[in-house]
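Enquirer: Quick mapping for you: the protein sequence lines, in order, are chains B and D.
Here the first sequence is numbered in the working numbering, starting from 1 and rising by one per residue.
Here the second sequence is numbered in the working numbering, starting from 181 and rising by one per residue.
Careful: at least some of the hints might be erroneous.
To be verified - BS3-like, lysine-lysine: derived pairs with alpha carbons at most 27 Å apart:
| # | chain 1 | residue 1 | chain 2 | residue 2 |
| --- | --- | --- | --- | --- |
| 1 | B | Lys49 | B | Lys156 |
| 2 | B | Lys176 | B | Lys49 |
| 3 | D | Lys546 | D | Lys562 |
| 4 | B | Lys74 | D | Lys624 |
| 5 | B | Lys156 | B | Lys125 |
| 6 | D | Lys268 | B | Lys49 |
| 7 | D | Lys624 | B | Lys156 |
| 8 | B | Lys49 | D | Lys588 |
| 9 | B | Lys163 | D | Lys447 |
| 10 | D | Lys562 | B | Lys74 |
| 11 | D | Lys268 | B | Lys74 |
| 12 | D | Lys591 | D | Lys624 |
As the list claims (entries may be wrong) - Okay, the calculated bits of chain B under chain D, using three or more residues with CB under 8 Å as the criterion:
| # | stretch |
| --- | --- |
| 13 | 72-84 |
| 14 | 135-148 |
Keep in mind that the hints were calculated from the coordinates and are not lab data.
Idealized CB from N, CA, C, for every residue including glycine.
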Amino acid sequence: MELNNQINVTPKAPERRSFVLALFAISGATVGALLAIPLIRFVTYPLRKSATDESWSDVGPIGDFTTLTAPVAKTITLERRDAWQTTSSQTAVYVLPSKDGQLRILSPICPHLGCSVRWDESQTKFICPCHAGSFTADGDRISGPPPRSMDTLEAKVEDGTLKVRYQYFRQLVATKEEMA
Amino acid sequence: MTNDPTPKPKSDSVIERMDSWLDERTGVDAILHESLDEPIHGGASWAYIFGSGLLFLFVSQVITGICLALYYVPSADHAHTVVSYIVKEVTAGSFIRSIHAYGSSGIIILLLLHIGQTILYGSYKGRRELLWLSGCILMALMLGMAFTGYLLPWDEKAYFATAVGTNLMAEVPWIGPILQKLVRGGDQMGTLTLSRFFVLHVFVLPGLLIAFICAHVFFFRKAGAAGPIKEDPVHPKLPSVPFYPRQVAMDAIFAVVLIGILAVIAKTIPMDLGPAANPADTHFLPRPEWYYRPAFQWLKYLSGRWSLVGGIMLPALLALIFAAAPFLDRKLERRPWRRPISVGAFFLFLIAYTSLGIASYRDDYKDPSMAAQMHQQDADAKAFMNAPFVPEMAAGSLPSALTAADPKVAKGLVLFQAGSCNVCHGEAGIGTAIAGPLTGVAHKYTDPQLLALLHAPNDKMVHGGMTPTTLSPDDLEALSAYLNQLH
């Protein structure tokens, strides 16, 4: 770049100088660009390492859930990866009795303001303790401020173990929106 | 800056108009003229490329170093994890780290060539004492960079090589022990040692290097290029050519060759990272980087009071004589064959340095048991490099917190140890040769099944030496709580 300014310093043989200059500029730019690629990729690594790592948590052996008659709360362990560290924490999910052979899992987080919804055995309803939102045993909205039904979580069975992909969803909106 | 920027002929070229706009405000053309049209008496030469090569590698170290610092954490409990994260997870991480690590070797090689050329050409003569001295300081700073940077990955070889290196400091008369404690941040190597080395490697030494590089270049421009050996170093007589374009072209080509060599080596033989430092490992044979090998070997020959004379005083004396070269060798004679003492001393040093280095490697592979250990260390490092990245469990995370948080689990652990269960089943139930592991027992049995087995072991368990557990129901519950969380 700086070399560009040299064109007129020596009026003698300007053609030769600008030829050498062009040669420098081209080869310098090529080498520089080649080296810049790994450097830029190294620095921008977090851009490509987005929320793609799907983490599944174990809920329990599938046998524990096949005979369910009412929703049951299960504590799961969440492994959160923060670059070179992992943090594990616990949270609860509701496993619903199977319907057509499919086990369904609900997030206990109320879609209204995020309180933990409780299963009320006597009323066979999910009831949010904060603002009295209520849901059926399938998690469908009955009444109260929640804008939508309880959120279902992705579930799968692997090697006889029920697994869930725990996620957070946006509150106060009528449709289920995943939070990044 | 003798030529005042004169008004340029009017031109419509965008570049020229931009240039004159910038020049009117900064005087950039005069600066460029000063830096690019420096006269080189006797013409450009491939012999002069090493200085600019060093500058180029230094810049490369700065750039790659800043990149590595994006991911590095200078703490003994994280350093190794983050370096293995860089090597195994981050895009081009291994490549960038290798360029940086091999770059330090490149700088040492270029230093030897640069010094060799200066001595052979007698370029330190003729009012160039400060130029030489600033160069000596730069060399010491570079060796310091190599030494401090070596520890930062905190793998086995880094840890043990630095332990040996800092042990040497204790040999320095009078202040040795205090100096060692100061550098280590304590009596032993630890996380403060790493912090100190990091601060030296990243802040202190680079700052000093930049300052002394400026001084070195300034003194060089003040004295002028010494030119070929037949040139008078004080009043040059040979016709001169400007630095640009011929010498610039040679320097640029050399820079491309240097980075090309580094890139090829970094790609084909990535710098390895060994297993994390384990201070309790008594088998590890610490070895420094190749350029410190001769010094390492030299110390092997010294014992008792000779270690002070040979290990500290002799190197200090040699360094002093080396630094004083332009003061001792004052004749303006530059032809090497007319200067047998200085040129001869340098080559003698080179021969001694090389032979000591070779002897060090030969010693390691001559003794079969030592050779086996060296090969084992290489194999360990290779195995670690090939293993996938394992993230670190954050402090306060579930498994570590669980034992502390749940009183039942904590009580169960006490019972597990009090009942000597760990004797056969191992610490944390990992299993021993006598009895199998208990980890994952929660997936195998339900709570009632587990309790039943503890009360009445099955035949296979009894055969293995398992005795029925006689504990109160509360204790039994705590024990099973502990067993259930083993994994």
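Enquirer: Compare the structure with each hint and give your call.
Expert: How the hints compare with the structure:
1. B:Lys49 - B:Lys156: Measuring from Cα to Cα gives roughly 25 Å; hence the hint holds.
2. B:Lys176 - B:Lys49: holds (25 Å)
3. D:Lys546 - D:Lys562: Status holds; Cα separation ~22 Å.
4. B:Lys74 - D:Lys624: OK: Lys74 of chain B and Lys624 of chain D at ~18 Å, within 27 Å.
5. B:Lys156 - B:Lys125: holds (25 Å)
6. D:Lys268 - B:Lys49: holds (14 Å)
7. D:Lys624 - B:Lys156: holds (20 Å)
8. B:Lys49 - D:Lys588: violated (40 Å)
9. B:Lys163 - D:Lys447: The given pair, whose Cα atoms are some 41 Å apart, is violated under the 27 Å limit.
10. D:Lys562 - B:Lys74: violated (43 Å)
11. D:Lys268 - B:Lys74: violated (36 Å)
12. D:Lys591 - D:Lys624: Holds, at roughly 22 Å.
13. 72-84: With 5 residues closer than 8 Å to chain D, the stretch 72-84 of chain B meets the three-residue bar; holds.
14. 135-148: Coverage by chain D is violated for the stretch 135-148 of chain B (0 residues, Cβ < 8 Å).
Checked against the numbered hints above, the structure violates hints 8, 9, 10, 11 and 14; every other hint is satisfied.
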